[in-house]
Every structure is written in structure tokens, then in C-alpha cells.
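Line by line, the protein sequences are chains A and B.
The first sequence begins at 1 in the working numbering and counts up by one.
The second sequence begins at 1001 in the working numbering and counts up by one.
Don't take each hint at face value.
Unchecked claim - Result set (EDC-like, lysine to aspartate or glutamate): computed pairs, CA atoms no more than 16 Å apart in a straight line:
| no. | chain 1 | residue 1 | chain 2 | residue 2 |
| --- | --- | --- | --- | --- |
| 1 | A | Lys22 | A | Glu52 |
| 2 | A | Lys22 | A | Glu3 |
| 3 | B | Lys1101 | A | Glu104 |
| 4 | A | Lys41 | A | Glu104 |
| 5 | A | Lys40 | B | Glu1066 |
| 6 | A | Lys22 | A | Glu67 |
| 7 | A | Lys18 | A | Glu67 |
| 8 | A | Lys38 | B | Glu1064 |
| 9 | A | Lys19 | A | Asp85 |
| 10 | A | Lys41 | B | Glu1088 |
| 11 | A | Lys38 | A | Glu84 |
| 12 | B | Lys1101 | A | Glu58 |
| 13 | B | Lys1101 | A | Glu44 |
| 14 | A | Lys19 | A | Glu67 |
| 15 | A | Lys38 | A | Glu109 |
| 16 | A | Lys38 | A | Asp85 |
| 17 | A | Lys9 | A | Glu24 |
| 18 | A | Lys53 | A | Glu67 |
Keep in mind that the hints were calculated from the coordinates and are not lab data.
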Amino acid sequence: DTEVTQTPKHLVMGMTNKKSLKCEQHMGHRAMYWYKQKAKKPPELMFVYSYEKLSINESVPSRFSPECPNSSLLNLHLHALQPEDSALYLCASSPGLAGLLTGELFFGEGSRLTVL
Amino acid sequence: AQSVTQLGSHVSVSEGALVLLRCNYSSSVPPYLFWYVQYPNQGLQLLLKYTTGATLVKGINGFEAEFKKSETSFHLTKPSAHMSDAAEYFCAVAGGTSYGKLTFGQGTILTVHP
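I would like the entire structure built from these sequences, with the hints used as guidance.
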């Protein structure tokens, strides 16, 4: 099993809604990542968790709240989003942060978010 | 800070022709360099990587890239394009002070014509 599974694949929400994106991997990886990808743009790093602790926060607005309940799961809680937050949100994992340096990032297919 | 520049946001080739996607990097430390591919409505998949050692790197699907320090380049090539190669390709750099962070280029969309 070499998959990173993201749910839901598509999400439409209003600016006052609260929703969550979920990511799961069963490869025993200890680092997990959230990336945001706008149309026709490269992925931009949002958060990195290493051994279930937040390691990197790329100055992401507080309306995005990550959570890593265990080594296999990564959530992204969404609240009071803006239309400009509409994007593809990609989850990734690697064996460890050192794995990132060797390109061992495994990406999910993403959750496409539309904020109305 | 590290950065990557991909020359050409769109590249179009005929099936069977050479594929050349250009990538130049900027890094104050020895870089780790990668090429990822993204098919429509999918996540990214690692094509190949350069960390240390041999400067000519072979990846999946017949792609290869050569690390040229003197030119700060890491261009991606494939001798003969296939229709299934149509996708977006991202060059990326990691390492040094950006430990734990992968910085992507702007991407190049490859179109393959029959």
C-alpha cells in the first residue's frame, strides 16, 4: 500500500461554514505535509508535521488549522474562509523530514475546495 | 534562499520527438533537485531526483536529467515523446536552510501532438 488518501475529493463551502479536509497514509511515514495549489501555479507549502508535531507553519492564516491526531492521519480544519482560498489542497507524506531532502514525497490526489 | 526557474510555461512536441524541459536553480548550498509530474486532477509524482554522485539521473517513464553545476541547470529530457507524457512538470529544489521545505518552479505544461 503506497497511497496517500485524501477526502473529500471536492468540497464547496460558504464563508461562514466549518469543514475539514482529511488525509491518511499507511506507509509508516513520520512526516506529513499540506500544500495549497492555485490554478496554473505550483504547490505552496502550508504546514509540515514531523512525528505528529507541527514542524513548519509557512505563516498560514489562522482560518486554516492543521491537526495530526496520529502518525497516519492529518486533518486541515477550515473556518471562515475567503473565496481566494479556493484551490487544490494536496497532502503529502515522507518517511521523515530527511526523506524530503531525497525527494521521497508521496502526494495524494488532492481535495478541490471552492469557497462561495 | 533557494529558487527554481522553469523556462517556458508551455512546450509542445510531436509524438516521437525529443522532449526538453528546462530548469535553472539558485542555491547557496549544494542543492537537492527533483522533477515531479502532475497529470490532470491528480497529485504530484516523483519522476527523478539528484542528491549527490552521478550527475546524469535516470527516472521513470524514460525520463532523465543532467545536473550541471557550472550552468546551474537541471534540464529534463526524454528521447521520444509519447502521448501519455502530456502533463504538467515541476522542477523543485530542497536542502540547506530550507530543510524540510521543497520549493517548486512555476511548472511547464507539456503537450504531445499525434
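Hints versus structure:
1. Among the hinted pairs, Lys22/A with Glu52/A is consistent with the structure: their alpha-carbon atoms are about 15 Å apart, no more than 16 Å.
2. The suggested pairing of Lys22/A with Glu3/A holds, with an alpha-carbon distance near 14 Å, which does not exceed 16 Å.
3. Restraint check for Lys1101/B and Glu104/A: satisfied, since their Cα atoms lie roughly 12 Å apart, inside the 16 Å limit.
4. Straight-line distance between C-alpha atoms of Lys41/A and Glu104/A comes to about 22 Å, which puts the hinted pair past the 16 Å bound.
5. A hinted pair counts as satisfied when its Cα atoms are at most 16 Å apart, and Lys40/A with Glu1066/B does not qualify at roughly 26 Å.
6. In summary, the hint linking Lys22/A to Glu67/A is supported, as the alpha carbons are separated by about 10 Å, within the 16 Å threshold.
7. Annotation: proposed proximity of Lys18/A to Glu67/A holds, straight-line Cα distance about 15 Å (limit 16 Å).
8. At most 16 Å may separate the alpha-carbon atoms for a hinted pair to count; Lys38/A and Glu1064/B exceed this at roughly 28 Å.
9. The suggested pairing of Lys19/A with Asp85/A holds, with an alpha-carbon distance near 13 Å, which does not exceed 16 Å.
10. Under the criterion of a C-alpha separation no larger than 16 Å, the hint pairing Lys41/A with Glu1088/B is consistent with the structure, at around 10 Å.
11. Of the pairs offered as hints, the one joining Lys38/A and Glu84/A holds, with about 9 Å between alpha carbons and a cut-off of 16 Å not exceeded.
12. Under the criterion of a C-alpha separation no larger than 16 Å, the hint pairing Lys1101/B with Glu58/A is consistent with the structure, at around 10 Å.
13. Under the criterion of a C-alpha separation no larger than 16 Å, the hint pairing Lys1101/B with Glu44/A is consistent with the structure, at around 10 Å.
14. For the hint linking Lys19/A to Glu67/A, the alpha-carbon distance of about 13 Å falls within 16 Å, and the restraint holds.
15. Distance restraint check for Lys38/A and Glu109/A: the Cα-Cα separation of roughly 14 Å lies within the 16 Å cut-off, and the hinted pair is therefore satisfied.
16. Distance check on the hinted pair: Lys38/A and Asp85/A sit about 9 Å apart at the alpha-carbon level, within 16 Å; holds.
17. The straight-line distance between the Cα atoms of Lys9/A and Glu24/A is roughly 13 Å, inside the 16 Å bound, and the hint therefore holds.
18. Using a Cα cut-off of 16 Å, the hinted pair Lys53/A and Glu67/A holds, with the two alpha carbons roughly 9 Å apart.
When each numbered hint is compared with the structure, violations occur for hints 4, 5 and 8.
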